[in-house]
Amino acid sequence: MTVSITTTTSPDDAVVRRRAIGQLARIESSRMLRSAPIWIGLALTVLLAVTGALSEEEWSAQKYNSLVPLSVFPLTIGAFIAGVRSGNRDRSHRRPPLSEEAALDGDERAWARLSSLLVPVGMAALAMLVIGVASRIEGGFWIGDSPRRTDTALPSVFELVQPVLSVAVTGAAGLAIGRAVRRSGPAIVIGGAALFFSGLAYWIWNSAYAYSTALMQIQPLEVDLPASTNPSAVPEDWLVNRPNEYSGWRRSIVHTPTVIFHNLYLLGLVGLFSGLALRHRPRARMIAAGAAVAVLAVIAQLAVSPH
Amino acid sequence: MSPVPAIELTALSKCYGSKVAVGDLDWSGGQGVIGLLGPNGAGKSTLLRMLATVLAQDSGSIRVFGLDPAVADERLAIRRRLGYLPQEAGLYRSFTAFDLVDYVAVLKEITDRTVRRDEVRRVLDDVGMTDDMHRRIRTLSGGMQRRVALAAALLGRPDLLVLDEPSAGLDPDQRLRLRTVLSDVGQRGTVVLSTHQTDEVAAFCQRVLVLDRGRLLFDGAPRDLATRAAGRVWVSESPDPGAVRSWVTGDGDIRNIGAPPTGASVVEPTLDDGYLLVATEQDVRA
Chain Y
14 MTVSITTTTS
24 PDDAVVRRRA
34 IGQLARIESS
44 RMLRSAPIWI
54 GLALTVLLAV
64 TGALSEEEWS
74 AQKYNSLVPL
84 SVFPLTIGAF
94 IAGVRSGNRD
104 RSHRRPPLSE
114 EAALDGDERA
124 WARLSSLLVP
134 VGMAALAMLV
144 IGVASRIEGG
154 FWIGDSPRRT
164 DTALPSVFEL
174 VQPVLSVAVT
184 GAAGLAIGRA
194 VRRSGPAIVI
204 GGAALFFSGL
214 AYWIWNSAYA
224 YSTALMQIQP
234 LEVDLPASTN
244 PSAVPEDWLV
254 NRPNEYSGWR
264 RSIVHTPTVI
274 FHNLYLLGLV
284 GLFSGLALRH
294 RPRARMIAAG
304 AAVAVLAVIA
314 QLAVSPH
Chain L
3 MSPVPAIELT
13 ALSKCYGSKV
23 AVGDLDWSGG
33 QGVIGLLGPN
43 GAGKSTLLRM
53 LATVLAQDSG
63 SIRVFGLDPA
73 VADERLAIRR
83 RLGYLPQEAG
93 LYRSFTAFDL
103 VDYVAVLKEI
113 TDRTVRRDEV
123 RRVLDDVGMT
133 DDMHRRIRTL
143 SGGMQRRVAL
153 AAALLGRPDL
163 LVLDEPSAGL
173 DPDQRLRLRT
183 VLSDVGQRGT
193 VVLSTHQTDE
203 VAAFCQRVLV
213 LDRGRLLFDG
223 APRDLATRAA
233 GRVWVSESPD
243 PGAVRSWVTG
253 DGDIRNIGAP
263 PTGASVVEPT
273 LDDGYLLVAT
283 EQDVRA
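Residue numbers (the working numbering), protein chains in the order written: chain Y, 14 to 320; chain L, 3 to 288.
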């Protein structure tokens with residue numbers, strides 16, 4: 014057979030291509046919406062938020078930091094697992110990617126999968142919106158001990174954004190890891206453990222480095238005060254916690270500059286992991302830019318740290 | 003616009019380390035069904051992967067529809083007219099057959115939803131998967147999964163269909179259906195398929211290539227391959243030491259190929275005989 018040479022790409026082709034990428038993103042989002050880990054994560058998030066809101070507070074800031082950001086932790090795990098499974102689809106079973114020869118290649122598929130993370134991110138945003146509105150209606154939370162105590166502390170918008178970004182980070186990390194490994198099972202177990210320690214239990218190390226690099230930065234920050242502290246003598250706008258069996262006098266500070274730089278750090282991680290989820294351009298740029306933003310944001314947090 | 007062959011290979015080579023998978027191959031071909039025969043490791047899958055634009059050559063050139071797969075825009079233009087069935091299709095096991103083929107249809111830029119759904123149903127029907135199209139891939143047998151992968155390759159009525167052992171795992175009925183589908187595609191475009199089944203090549207290929215160790219040993223019509231063994235196949239009651247290859251037939255006779263001794267009972271050669279003779283002569287030369 015002889016055939017005629019056809020033109021290669023035209024403006025019409027570009028339109029078709031964009032439309033196909035959009036449809037692929039919709040399919041991926043629809044599959045994300047049907048992903049069990051996402052719904053289990055959301056259900057546990059709602060459960061944690063409701064039980065956290067209804068329980069009696071036993072210590073200062075208990076509700077404050079259990080609702081924002083910790084209640085969203087199950088959703089971050091759900092997004093991670095769903096991300097690993099989605100990213101691993103073209104890597105599992107030692108087989109080549111599905112329809113390698115198709116017009117939409119690996120990077121366009123990766124972009125579609127990255128865009129599907131808007132599903133868990135949207136869920137986290139909705140959860141934070143509900144918590145933000147409900148806490149304002151309720152009047153706020155308890156931080157500090159009398160006489161330097163408040164019962165009207167409210168998480169700022171920056172604090173409410175942080176758990177949303179955390180879900181984006183773990184989802185993108187899941188996609189990047191799923192794309193890199195042959196078997197998703199061990200990656201989920203190891204990644205889940207890493208998220209537990211960096212997201213939920215980082216306070217074990219209780220240092221500025223830990224809360225600057227943690228997935229979920231718990232506010233208020235606690236600054237140790239001298240043993241001779243007289244709570245009545247400290248500035249009036251300070252919130253102070255009395256000594257307990259674990260520590261001495263401490264000042265509780267909801268430190269907005271740290272929160273903002275931590276959000277920037279999370280944005281950097283989103284860029285870094287999104288770049289790692291790609292194969293070609295702009296992979297290197299995204300990795301470099303994401304890593305640079307993350308590192309600079311950590312330095313900025315340490316620089317403004319009240320410690 | 004000048005007419006060009008659908009496929010044109012010039013001094014094409016691909017190596018894996020020191021092993022030559024495809025060596026200095028020159029070939030061109032066009033409309034019809036082209037069968038690729040050769041032993042395991044002959045370089046068939048490597049050649050097909052290069053034709054399918056998913057593997058780059060080390061040297062030489064490939065032109066598909068006159069376009070160079072090494073150039074991004076031209077590769078995309080080729081891919082828009084291409085269907086490929088690899089040996090291992092990498093199907094998403096959690097998808098249903100329908101959803102999987104629909105997903106591939108989007109990857110192939112079939113963007114009109116109605117057209118796409120109709121096309122998905124058509125190709126699933128072509129491979130006999132209509133009744134099972136809502137079952138998850140993981141619940142399908144190997145043969146059914148193979149048919150789903152074939153359906154995905156058929157999407158969009160490609161001008162070039164590259165199939166790596168398409169009949170593997172299919173029962174005789176499904177093979178018959180496959181022949182019909184591929185013959186239909188071969189009427190208007192090009193089908194290149196690898197197989198170990200010489201009867202398949204004889205049944206519906208217009209052209210056959212025999213490949214071994216990356217070298218092209220034969221290129222011609224299936225009957226010409228059979229004719230290569232004319233006068234060189236004979237049956238005997240015991241293995242003939244002068245034969246280059248002997249085997250027992252279903253009748254209990256010994257079938258030999260090579261230079262028949264005087265008075266030998268020479269028989270009509272089959273495609274199998276031709277293929278074995280070509281491959282064996284290559285072995286002897288090597």
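Please keep in mind that the hints were generated in silico from the structure rather than gathered at the bench. As the structure is a computational prediction, the values presented were derived from the model and not from experiment. Cβ coordinates follow ideal geometry from the N, Cα and C atoms, glycine included. Please note that a few of the clues may not be correct.
Which stretches of chain Y does chain L cover? Using the computed rule of at least three CB atoms under 8 Å from a CB of chain L, they are [unchecked claim]:
{"#": "1", "region": "35-43"}
{"#": "2", "region": "111-123"}
Ranges between beta-carbon positions, derived for each pair [unchecked claim]:
{"#": "3", "chain 1": "L", "residue 1": "S143", "chain 2": "Y", "residue 2": "A206", "range": "36 to 44 Å"}
{"#": "4", "chain 1": "L", "residue 1": "S143", "chain 2": "Y", "residue 2": "V63", "range": "42 to 50 Å"}
{"#": "5", "chain 1": "L", "residue 1": "D133", "chain 2": "Y", "residue 2": "G119", "range": "30 to 38 Å"}
{"#": "6", "chain 1": "Y", "residue 1": "R294", "chain 2": "L", "residue 2": "S30", "range": "32 to 40 Å"}
Quick rundown of the hints versus the structure:
Remark: the region 35-43 of chain Y is confirmed as covered by chain L, as 3 of its residues place a Cβ nearer than 8 Å to a Cβ of that chain, reaching the required three. Against chain L, the region 111-123 of chain Y contributes 8 residues with a C-beta closer than 8 Å to a partner C-beta. That satisfies the three-residue criterion, and the hint holds. With their beta carbons about 38 Å apart, L/S143 and Y/A206 fall inside the hinted range of 36 to 44 Å. For the pair L/S143 and Y/V63, the beta carbons lie near 47 Å from each other, so the given range of 42 to 50 Å is met.
Between L/D133 and Y/G119 the Cβ separation comes to about 33 Å, which falls inside the hinted range of 30 to 38 Å. The hinted window of 32 to 40 Å between Y/R294 and L/S30 holds, with their beta carbons roughly 34 Å apart.
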